[in-house]
Amino acid sequence: MEGDRIEEVRLVHSPVDEISHLALDIGGSLIKMVYFSTSREQPIDKTQINASRDSHAVSRSSKDGHLLNGRLYFLKFETSKINECLDFISSKQLHYRGLQHCGFPASDKNIIKATGGGAFKFADLFKEKLGISLDKVEEMSSLVSGANFLLKAVPSEAFTYVNGQRNYVQIDHNDLYPYLLVNIGSGVSMIKVDGDGKYERVSGTSVGGGTFWGLGKLLTKCKSFDDLLEMSHQGNNRVIDMLVGDIYGGMDYLKIGLSSTAIASSFGKAVSENRELEEYRPEDVARSLLRMISNNIGQIAYLNALRFGLKKIFFGGFFIRGHAYTMDTISVAVDFWSKGEAKAMFLRHEGFLGALGAFMNYQLVEEFPDTIHLAGEKNRNPLVGDLNDNGVIECCVQARPAVED
Amino acid sequence: MDGLRKDQSLVGATDNINEETNNITQKVISEGGEETMVPPVGNSIHRSSSRPQLDLSGAAIQGNFEERDPTILLPNQSDDISHLALDIGGSLIKLVYFSRHEDRVVNDKRKKSAKERFGVSNGNIRRTFPILGGRLHFVKFETAKINECLEFIHSKQLHRGDNDNAVIKATGGGAYKFADLFKEKLGVSIEKEDEMDCLVAGANFLLKAIRHEAFTHKEGHKEFVQIDHNDLYPYLLVNIGSGVSMIKVDGDGKFQRVSGTNVGGGTYWGLGRLLTKCKSFDELLELSQRGDNSSIDMLVGDIYGGLDYSKIGLSASTIASSFGKAISENKEIEDYRPEDISLSLLRMISYNIGQISYLTALQLGIKRIFFGGFFIRGHAYTMDTISFAIQFWSKGGAQAMFLRHEGFLGALGAFMSYEKHGLDDLMVHQLVERFPMGAPYTGGKIHGPPLGDLNEKISWMEKFVRKGIKITAPVPTASPRTTGLGGFEAPSSKGDTLRCDESNLNVGVLHLVPSLEVFPLLADPKTYEPNTIDLADPNELEYWFTVLSEHLPDLVDKAVASEGGTDDARRRGDAFARAFSAHLARLMEEPAAYGKLSLANLLELREECLREFNFFDAYSTIKHRENEASLAVLPDLLMELDGMSEETRLLTLIEGVLAANIFDWGSRACVDLYHKGTIIEIYRMSRKKMQRPWRVDDFDAFKERMGFGDKKHQRHKRALLFVDNSGADVVLGMLPLARELLRRGTEVVLVANSLPALNDVTAMELPEIVAEAAKHCDILRGAAEAGGLLMDAMINIQDSPREKSSSTPLMVVENGCGSPCIDLRQVSSELAAAAKDADLVILEGMGRALHTNYNARFKCDALKLAMVKNQRLAEKLIKGNIYDCVCRYEPAN
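Same order as they appear, the protein sequences are chains A and B.
Every letter in the first sequence is one number past the one before it in this note's numbering, and letter 102, counting from 1, is 96.
One gets this note's numbering by counting positions in the second sequence from 1 and adding 375 to each.
Treat the hints with caution; some may be incorrect.
Distance windows between CB atoms, simulated [unchecked claim]:
hint	chain 1	residue 1	chain 2	residue 2	range
1	A	Q357	B	S669	37 to 47 Å
2	A	Q357	B	E658	50 to 60 Å
3	B	T921	A	R269	46 to 56 Å
4	B	R712	A	S127	31 to 41 Å
5	B	A519	A	Q228	34 to 44 Å
Straight line, CA to CA, 30 Å or less: simulated DSSO-like cross-link-like pairs of lysine-lysine [unchecked claim]:
hint	chain 1	residue 1	chain 2	residue 2
6	B	K706	A	K123
7	A	K333	B	K629
8	B	K742	A	K333
9	A	K217	B	K706
10	B	K742	A	K305
11	B	K770	A	K333
12	B	K706	A	K115
13	B	K770	A	K130
14	B	K742	A	K337
Source of the hints: derived by calculation from the structure; they are not laboratory data.
Every residue gets a Cβ at the ideal spot worked out from N, C-alpha and C, and that includes glycine.
The task is simple: from the sequences and hints, build the whole structure.
Written out as structure tokens, the structure reads:
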């Protein structure tokens, strides 16, 4: 996602003056970026081609101003390589342009909406390098408004993942709340959402994406998160996890109806064998790790949903990345613990909730979905690909002054 | 996708992690929840109510008769009465066995007479068979050294049954693995018990039978929690083995595994081993103690640039992402300190377990969560982390609790699974825990040699003292062998690693004393707390440790002298001093090591330690001498008293009790006094100084109650006089007061220690003292005769068919303890029986009236009399000075 993805981004040869309203979510591991552009050029990426295919821009007027057709672009950088992000912003001169060239009234061109812990940590860096101030948007609030936006405005945003099948879920806007939003970033936040701007962080866990990547890196010497995920796909966790069958000699523990392939203790076999780390296949290690963390998140999420009587659990955050096995494990964990009563749901834009939320903070749009029109909305096939990585949403936004409050 | 589905179920396992091989065959329980939960067979235990008694015929003491704790063999007992149960885990074998109390054959006529008089039953009447008094021992062996365990069992003949088909109950994975070995070496069959059944049975027993079994652990500080037995259920038992099982317990044999997680001890060890190359679980745990997780965990402060994220209640040091920092830095695994990795891992797993436990408890509406399993091992940081998680997520509404005997839940449960063990009828007041040197302890490795007899124990301690190695007590070893059979292979490395983990708690020997009862006159036994001073205050603790340490050389001298000052006595005395110092050092280091620490325990520990080194009555010579001297002047004193008016006499008698209480070898200040004059001189001088008002002075109220006021009062029917020291204290103080009560028609029961403690008078010694006093006093003679004392003490007097005296009786009962203090929750059955008709309790002396019971409330009138011979206590308790007096009278409500 590093170099190559940046490549993709560079393919967006948008004229400088067509890019505006940049928002950032600077997390512990990744920087997520969302910006709006009226550019018609499309990134050359099959996913995104899918995403924006057949898009049609609608222009109409409103009492507050005119509407602009455009696209929301989604980009990611590694936080440790923040300079790449700074360079990108600088090269696009996103920060200088504000909105004036897009027909928006002039606004403070030196302010970028940002959320995530890095909005605090790197505020000085942005000021120093780019001369811009980060207008900090509270993290949870960003996540929630990003999720609310997506769930209400983007058709086929949510889906369940069962037996390798995605089933898109039609969300009834009138019956959306309350729901549990599980944002799996470096750590995991669990937020009970009761409405627009009404939410509470009810739980969380430090065992999240950062743990998967961090431990995975130590254990497998893998160079990237995606490689690690890819490896896990080819692994077999039975090599290293202690399974029920290992304990009961391959037999199921029938007394309590337990399959012999159930995990009794993650990494439990590493205890009983005199094998060194090097003697385990990295694929198997990655698989065990992924299952351990996904299971655990699924379990804690379910317990919290149960606690507040929430029927819907949406999982987001960069950890998932549309990775089939991850989603499958989380789904099974929720299904298992809820005895089939609860379903895990995932979001196509899962990685960008915070950045989108920060973007929403510009208050370009008041009452989506009425004022925002998205690619694929009407009579369009459900979007096929993922928008987990860099991508676009075609939309139009209302051109009205940014409100200062 | 089918294959993917298959291995999806999440499971936590309960088992002991195994260090070496794939041998672990432990139990895993379903996550299935209620619908799929099949009630385990045998959960509803219906035990036969007609239990056979032990057949004692042909019983013989096996081995050397001179040993302190000979194993009593019961060759004719039915084979279904077993003494031993095992929990064979992957790394440790836990063994629980029962041994009968050594029956000291003492021709104690007083006891017999007291039993007859008060109709004392043996323990609980509703029981259909008598519980045997005895000891429950908790021992650990390393599984790798299973032969030591087998030899231990053999040497103690713990496996012996009537026939060759003896069966030992066992749980844990090794119960299968080693079944053949047990058959071959010992000829016994292992009967495997369901692990979860055992855990629950063990936990239920401990929580009900041991007063301070459960404790909380916050920031390194342990606090014991008293569990109300009637409000124990439901609770959540979280057993952290390789995986984690969460069990909802609703009652005896009623439980259900409700949840669990596959992230448990096996994950810690497995991942830890891969990441650090540690060779053992304990090594990994040890590493974590020196770790700093901030080098590898991503903290909130790392993300927020050192700022808190206070809006959602996260401080800068909160872990945002476990191992999250390993992402953003280009470091290899070798670049991280293993210590830091171990700590990060430990925090991650402990925290996660705490969180899931809390959520599960919340879901089920359960308030109490107890944690157990090998993962904890008394490790302070683990407990802190789990506690923190529970506290954090519940916003202080819930607490994590841990169990002192947590390592022995399974073995204890297996013991309980025998048809006849009698344990489930035991009440908390019938158990006393002792901590002899060599008692095993929970957690960690077993170090040092298994100590055999006393001589071996002494030599071993001498050796280490010579080597200059600090001994922390109790010296962690296997339990003493007693029979000389088998014999142990002495480990070549006689443990240079003597220190056990500071956070580990010691597990003592549990003495089952069915004859102990709760003192029936306590106003509210539930809220009764014997100790007046709270040793949780570190200053207080330090003060008492200093006092006891300073007193130690004098005590050793006395003890050695009491045994004739022989070389052997000197050697034992030195060993005692070392042992007791080691106990003190251990307690200074970890005050909660032996359970909830109180002054009463501490003083009793000293007495027990003396007895352990065969000093049964260190002050016998002094006591004898002072009794004689006091008895010699008693007639003069009685004559003086008889010359007074009743009203004056009452005051003089109380003054006398207070004055005579100055004779106390337990008080440093008083020992110095002894050089200043004869007993009667000191007594008279002391009494003369008894100027009222005393510091605490309810004498007028007492006098009024005794009939010297306007109101008419019924005389007391029976008074219980808890006496203190030998010599002047009892002879010139309490005896004249007893005599006065007798004269007024109140029955008097003198309550004295069952076993010696310092110079305190014992119930065994009192009849002789009374008999001697009775020679010069008709009142005492009549009363003693009526109370059956005289015949016991004065052997020359035959059971003459004299008419029963019509005098008011004077009686003696033992209090059931061997300590200078008294915990009225655990008194002898004869005292409890004597108390039934009593309407006045008089507690005398610092130990019983001030250090303990100063705040005790009784159902009847109570008088507490003592001279304060300790400046600190005087300031603290009565805001007074040394030698101030307390006369606290509290009428019945």
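Here is what the structure says about each hint:
no., hint, in the structure
1, A:Q357 - B:S669: 37 to 47 Å, "holds, 39 Å"
2, A:Q357 - B:E658: 50 to 60 Å, "holds, 58 Å"
3, B:T921 - A:R269: 46 to 56 Å, "holds, 54 Å"
4, B:R712 - A:S127: 31 to 41 Å, "holds, 39 Å"
5, B:A519 - A:Q228: 34 to 44 Å, "holds, 37 Å"
6, B:K706 - A:K123, "holds, 27 Å"
7, A:K333 - B:K629, "holds, 23 Å"
8, B:K742 - A:K333, "holds, 24 Å"
9, A:K217 - B:K706, "holds, 11 Å"
10, B:K742 - A:K305, "holds, 25 Å"
11, B:K770 - A:K333, "holds, 28 Å"
12, B:K706 - A:K115, "holds, 22 Å"
13, B:K770 - A:K130, "holds, 28 Å"
14, B:K742 - A:K337, "holds, 29 Å"
Comparing the model with each earlier hint shows no violations; every hint is respected.
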